[in-house]
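Protein chains: 6
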Amino acid sequence: MKPACLSHVGADGAVRMVDVGDKQVTARVASAEGFVRISSALERAIRENSVKKGSVLEVSRLAGILAAKRTDELIPLCHSLPLDAIDVTAALEPREDGARVHVTATVRTQSRTGVEMEALTAVTVACLTVIDMGKAIDKAMVIDGVRVTEKRGGRSGDRCATREEGR
Amino acid sequence: MKPACLSHVGADGAVRMVDVGDKQVTARVASAEGFVRISSALERAIRENSVKKGSVLEVSRLAGILAAKRTDELIPLCHSLPLDAIDVTAALEPREDGARVHVTATVRTQSRTGVEMEALTAVTVACLTVIDMGKAIDKAMVIDGVRVTEKRGGRSGDRCATREEGR
Amino acid sequence: MKPACLSHVGADGAVRMVDVGDKQVTARVASAEGFVRISSALERAIRENSVKKGSVLEVSRLAGILAAKRTDELIPLCHSLPLDAIDVTAALEPREDGARVHVTATVRTQSRTGVEMEALTAVTVACLTVIDMGKAIDKAMVIDGVRVTEKRGGRSGDRCATREEGR
Amino acid sequence: MKPACLSHVGADGAVRMVDVGDKQVTARVASAEGFVRISSALERAIRENSVKKGSVLEVSRLAGILAAKRTDELIPLCHSLPLDAIDVTAALEPREDGARVHVTATVRTQSRTGVEMEALTAVTVACLTVIDMGKAIDKAMVIDGVRVTEKRGGRSGDRCATREEGR
Amino acid sequence: MKPACLSHVGADGAVRMVDVGDKQVTARVASAEGFVRISSALERAIRENSVKKGSVLEVSRLAGILAAKRTDELIPLCHSLPLDAIDVTAALEPREDGARVHVTATVRTQSRTGVEMEALTAVTVACLTVIDMGKAIDKAMVIDGVRVTEKRGGRSGDRCATREEGR
Amino acid sequence: MKPACLSHVGADGAVRMVDVGDKQVTARVASAEGFVRISSALERAIRENSVKKGSVLEVSRLAGILAAKRTDELIPLCHSLPLDAIDVTAALEPREDGARVHVTATVRTQSRTGVEMEALTAVTVACLTVIDMGKAIDKAMVIDGVRVTEKRGGRSGDRCATREEGR
Numbered sequence: 000m001k002p003a004c005l006s007h008v009g010a011d012g013a014v015r016m017v018d019v020g021d022k023q024v025t026a027r028v029a030s031a032e033g034f035v036r037i038s039s040a041l042e043r044a045i046r047e048n049s050v051k052k053g054s055v056l057e058v059s060r061l062a063g064i065l066a067a068k069r070t071d072e073l074i075p076l077c078h079s080l081p082l083d084a085i086d087v088t089a090a091l092e093p094r095e096d097g098a099r100v101h102v103t104a105t106v107r108t109q110s111r112t113g114v115e116m117e118a119l120t121a122v123t124v125a126c127l128t129v130i131d132m133g134k135a136i137d138k139a140m141v142i143d144g145v146r147v148t149e150k151r152g153g154r155s156g157d158r159c160a161t162r163e164e165g166r
Numbered sequence: 000m001k002p003a004c005l006s007h008v009g010a011d012g013a014v015r016m017v018d019v020g021d022k023q024v025t026a027r028v029a030s031a032e033g034f035v036r037i038s039s040a041l042e043r044a045i046r047e048n049s050v051k052k053g054s055v056l057e058v059s060r061l062a063g064i065l066a067a068k069r070t071d072e073l074i075p076l077c078h079s080l081p082l083d084a085i086d087v088t089a090a091l092e093p094r095e096d097g098a099r100v101h102v103t104a105t106v107r108t109q110s111r112t113g114v115e116m117e118a119l120t121a122v123t124v125a126c127l128t129v130i131d132m133g134k135a136i137d138k139a140m141v142i143d144g145v146r147v148t149e150k151r152g153g154r155s156g157d158r159c160a161t162r163e164e165g166r
Numbered sequence: 000m001k002p003a004c005l006s007h008v009g010a011d012g013a014v015r016m017v018d019v020g021d022k023q024v025t026a027r028v029a030s031a032e033g034f035v036r037i038s039s040a041l042e043r044a045i046r047e048n049s050v051k052k053g054s055v056l057e058v059s060r061l062a063g064i065l066a067a068k069r070t071d072e073l074i075p076l077c078h079s080l081p082l083d084a085i086d087v088t089a090a091l092e093p094r095e096d097g098a099r100v101h102v103t104a105t106v107r108t109q110s111r112t113g114v115e116m117e118a119l120t121a122v123t124v125a126c127l128t129v130i131d132m133g134k135a136i137d138k139a140m141v142i143d144g145v146r147v148t149e150k151r152g153g154r155s156g157d158r159c160a161t162r163e164e165g166r
Numbered sequence: 000m001k002p003a004c005l006s007h008v009g010a011d012g013a014v015r016m017v018d019v020g021d022k023q024v025t026a027r028v029a030s031a032e033g034f035v036r037i038s039s040a041l042e043r044a045i046r047e048n049s050v051k052k053g054s055v056l057e058v059s060r061l062a063g064i065l066a067a068k069r070t071d072e073l074i075p076l077c078h079s080l081p082l083d084a085i086d087v088t089a090a091l092e093p094r095e096d097g098a099r100v101h102v103t104a105t106v107r108t109q110s111r112t113g114v115e116m117e118a119l120t121a122v123t124v125a126c127l128t129v130i131d132m133g134k135a136i137d138k139a140m141v142i143d144g145v146r147v148t149e150k151r152g153g154r155s156g157d158r159c160a161t162r163e164e165g166r
Numbered sequence: 000m001k002p003a004c005l006s007h008v009g010a011d012g013a014v015r016m017v018d019v020g021d022k023q024v025t026a027r028v029a030s031a032e033g034f035v036r037i038s039s040a041l042e043r044a045i046r047e048n049s050v051k052k053g054s055v056l057e058v059s060r061l062a063g064i065l066a067a068k069r070t071d072e073l074i075p076l077c078h079s080l081p082l083d084a085i086d087v088t089a090a091l092e093p094r095e096d097g098a099r100v101h102v103t104a105t106v107r108t109q110s111r112t113g114v115e116m117e118a119l120t121a122v123t124v125a126c127l128t129v130i131d132m133g134k135a136i137d138k139a140m141v142i143d144g145v146r147v148t149e150k151r152g153g154r155s156g157d158r159c160a161t162r163e164e165g166r
Numbered sequence: 000m001k002p003a004c005l006s007h008v009g010a011d012g013a014v015r016m017v018d019v020g021d022k023q024v025t026a027r028v029a030s031a032e033g034f035v036r037i038s039s040a041l042e043r044a045i046r047e048n049s050v051k052k053g054s055v056l057e058v059s060r061l062a063g064i065l066a067a068k069r070t071d072e073l074i075p076l077c078h079s080l081p082l083d084a085i086d087v088t089a090a091l092e093p094r095e096d097g098a099r100v101h102v103t104a105t106v107r108t109q110s111r112t113g114v115e116m117e118a119l120t121a122v123t124v125a126c127l128t129v130i131d132m133g134k135a136i137d138k139a140m141v142i143d144g145v146r147v148t149e150k151r152g153g154r155s156g157d158r159c160a161t162r163e164e165g166r
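In order, the protein sequences belong to chains C, B, H, F, P and U.
Residue numbering for the first sequence follows numbering that gives the first Met the number 0, starting at 0 and increasing by one per position.
Residue numbering for the second sequence follows numbering that gives the first Met the number 0, starting at 0 and increasing by one per position.
Residue numbering for the third sequence follows numbering that gives the first Met the number 0, starting at 0 and increasing by one per position.
Residue numbering for the fourth sequence follows numbering that gives the first Met the number 0, starting at 0 and increasing by one per position.
Residue numbering for the fifth sequence follows numbering that gives the first Met the number 0, starting at 0 and increasing by one per position.
Residue numbering for the sixth sequence follows numbering that gives the first Met the number 0, starting at 0 and increasing by one per position.
Honestly, the hints are just simulated from the structure, not real lab data.
Since the model is a prediction, treat every value here as computed from it, not as a measurement.
Honestly, I wouldn't trust all of these hints.
No copy is singled out in the list; a pair is fine if it fits within one copy or between any two copies.
[What the hints assert, rightly or not] Simulated pairs of lysine-lysine, DSS-like, Cα-Cα distance not exceeding 27 Å: (1) LYS138 x LYS150; (2) LYS138 x LYS22; (3) LYS150 x LYS22.
Using the sequences plus the hints, can you model the full thing?
If you want it as structure tokens, here you go:
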């Protein structure tokens with residue numbers, strides 16, 4: 000049985016940037032989400048400010064958009080991709096066991112590889128910005144549940160096995 | 000009762016970078032941690048590669064170190080701080096309900112404000128790099144539990160109330 | 000009557016990066032210009048140095064070229080575009096009421112959206128560099144008249160109304 | 000009579016970064032302003048959106064803050080300075096001959112050289128962002144009147160003559 | 000006889016970014032190499048660490064990969080190109096007159112101009128990283144022999160004469 | 000006998016950023032040099048252009064200055080240091096066996112660690128820029144002899160042994 004293999008690690012064990020030169024340019028989209036668990040006091044402060052000018056959530060969304068464009072600088076083996084659209088949302092969700100900020104990101108491209116890392120980067124940097132802006136009020140925030148929620152376009156052929164067979 | 004206030008939002012509701020000019024330059028340290036929940040198959044692949052060259056964990060650690068130095072570019076209202084040291088660890092933790100990668104970061108500075116955002120940025124970018132390098136094998140990874148674990152130095156005076164009174 | 004709408008603001012009032020995925024890749028060019036009003040003393044200093052090595056104007060041109068390539072990092076909702084050519088000029092213009100530096104930029108691309116922001120960014124950063132290099136002599140410089148002078152390629156279809164109708 | 004000299008140009012005519020090693024670390028502040036002339040239609044669109052969420056002006060302010068932190072990357076001979084505070088305002092000003100957005104920036108540091116370039120960079124990038132976000136409605140915007148409005152701290156000794164004598 | 004001409008210098012002597020708009024998008028590849036001459040003591044330290052975790056060479060390779068993606072920010076007149084693959088190797092070569100690290104880089108793209116600068120940038124930054132990580136042991140390292148070893152794809156038509164005739 | 004040790008590799012073999020928190024802030028300076036071997040045809044082209052506007056050498060110098068300021072982004076384990084001065088020279092040196100460009104850089108800081116990497120980065124990026132601007136004429140350029148020529152300030156205590164003993 001062929002074991003699972005790490006696509007960024009070559010036969011010699013050295014890291015490498017995966018060659019996407021043979022892949023097709025197709026429309027691709029990826030979405031991701033994440034959460035920042037916050038105190039009720041912070042939730043109230045964000046909401047009241049939000050009623051006025053919405054800044055914590057808006058600044059966080061914007062930080063996420065900007066970060067998505069720089070994913071290739073942050074994640075060492077990511078390709079630089081031309082992004083057609085970046086959409087980041089950030090919403091307060093009150094819950095029984097404390098509130099949270101729900102962040103989502105959807106990124107679109109027409110290129111040779113997918114954009115899930117761009118969506119994840121947008122989400123995590125937006126979450127970090129929530130923490131930065133709220134940390135004077137709530138010192139116990141936690142980022143949770145950051146994951147890819149959807150990925151479309153391209154062959155689902157980023158799988159290592161498929162790549163092996165394709166040679 | 001004075002309500003909690005957002006330190007990055009001025010009296011007029013507009014976002015601003017907090018003025019740290021009156022704060023003392025002191026030695027400050029912050030630590031953070033986070034987890035990437037991974038499949039057993041990925042855990043095995045990382046460990047086997049790790050025995051040889053350790054690359055997934057090492058690349059992730061390095062990505063975290065590099066990201067910490069660029070926190071001010073990613074988090075809109077963060078100050079640019081001279082970092083004395085950045086230490087990032089990444090370790091596999093097998094568990095009954097699936098494995099995880101445990102990432103920690105400790106950042107030190109001598110400046111006018113704390114470095115918890117730098118530690119959190121290091122952790123999250125290291126976690127994202129684990130996902131990038133492992134996603135050909137495991138498409139269901141989740142980042143969880145990203146939080147500040149320790150903050151020392153400076154007055155614990157980043158609190159808004161204290162700042163108000165200090166005027 | 001449908002009111003004018005801001006293309007970067009969604010139905011919910013939240014900022015977003017405009018989706019250009021349905022637009023055609025076409026050759027596009029944009030030009031912009033701007034001026035730095037300078038004292039006669041500075042004009043003389045620039046000209047004399049220029050006779051020798053041309054540095055103030057050349058450094059400013061170069062700063063403009065470099066900045067155009069980073070427009071997407073500076074302007075939050077700009078797309079990252081592959082630029083085919085960037086041409087920046089900077090020339091002294093003596094006038095009766097004091098001299099000025101006239102900066103122009105022309106940027107070319109083949110992509111899904113226009114490059115006027117790249118041309119404007121090149122012009123403004125070149126103007127800022129003139130100020131930086133001349134400020135020891137002239138502390139009263141002013142940047143004026145920064146605007147797009149030409150935009151060709153693409154449908155002139157960046158207009159919001161058209162986009163609405165296209166849905 | 001000794002002629003005015005360009006501080007960034009050495010005796011050999013070659014550009015250089017001015018050596019600030021002998022200057023004192025002192026508190027320094029600089030302010031700058033600039034304007035974007037806009038159409039009445041755009042003014043209305045910004046104001047109505049602003050009533051809801053304030054985004055054009057808020058995004059522009061934020062872009063200015065972020066840009067100030069990267070001044071040293073944009074302006075070739077600028078030093079990298081630790082900024083204590085960055086404050087950017089952006090306000091609509093209706094006028095008889097058409098509206099305008101008035102942008103101001105104030106930057107504070109404790110370092111060896113002044114921060115007027117940081118303030119100017121914040122202002123110009125905020126102005127560019129207004130254009131980017133409004134250009135679907137108004138294609139004739141112009142940036143005007145970008146200048147330093149105040150500079151305090153340090154000897155007013157950035158003047159070339161003084162530096163020469165100091166040797 | 001027409002003299003050789005500098006492609007980045009216009010008829011007026013001013014630097015410019017070469018317009019690649021008329022060139023074809025074709026698959027292009029470039030390779031480069033370079034060496035760091037190191038002491039035997041450093042060679043031993045790298046090798047022993049390498050047996051364990053390979054870090055000096057791995058960190059250097061990674062630094063080279065990351066730098067290749069930012070070539071357009073470092074080399075003023077380079078275009079921003081979408082890179083399909085970046086492969087960097089770094090190997091110890093013991094020799095009679097002292098050891099050396101041999102670094103190679105191969106970069107692939109499908110675009111309008113070649114990627115030899117990207118390959119060279121990867122090599123030089125990897126070499127610099129070897130020096131940074133080894134300098135506590137060996138203060139006399141030298142980088143030598145950095146050059147393009149292969150360039151394929153595109154017309155070999157980057158030559159100035161051809162470009163002139165093409166007009 | 001204690002073997003030489005790599006300062007960036009911890010007891011566990013993992014890379015880390017050296018902690019400079021206990022080192023003194025002192026004035027430090029480092030110089031580096033490097034060469035680009037070029038053809039006589041290119042030497043002539045650079046010189047003739049240089050007589051007019053000096054651009055190849057001036058653009059290269061400027062690229063070196065800009066790169067020095069970003070050393071911490073390029074070299075993974077370098078600290079971000081405030082640079083007081085960056086001086087880069089680039090001169091043509093005709094020789095019997097073909098010409099070369101001689102690049103030097105001197106960097107000054109007042110901080111806790113040295114700036115030799117900044118000087119080396121300035122030199123190499125200036126050399127790369129010479130290649131980029133001359134490659135249409137000379138496809139066989141080689142970068143040689145890149146090394147630190149002087150380092151002053153700080154204890155010469157970056158040596159690993161000293162650090163070990165200091166514990």
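A quick look at each hint next to the structure:
1. Taking CA atoms no more than 27 Å apart as the test, LYS138 paired with LYS150 passes between copies only; the shortest distance there is 10 Å, against 34 Å inside one copy.
2. For a Cα distance limit of 27 Å, the shortest separation of LYS138 from LYS22 across copies, 20 Å, qualifies, whereas the shortest one inside one copy, 46 Å, does not.
3. Proximity of LYS150 and LYS22 under a CA criterion of 27 Å is satisfied in both settings, with 16 Å inside one chain copy and 22 Å between copies.
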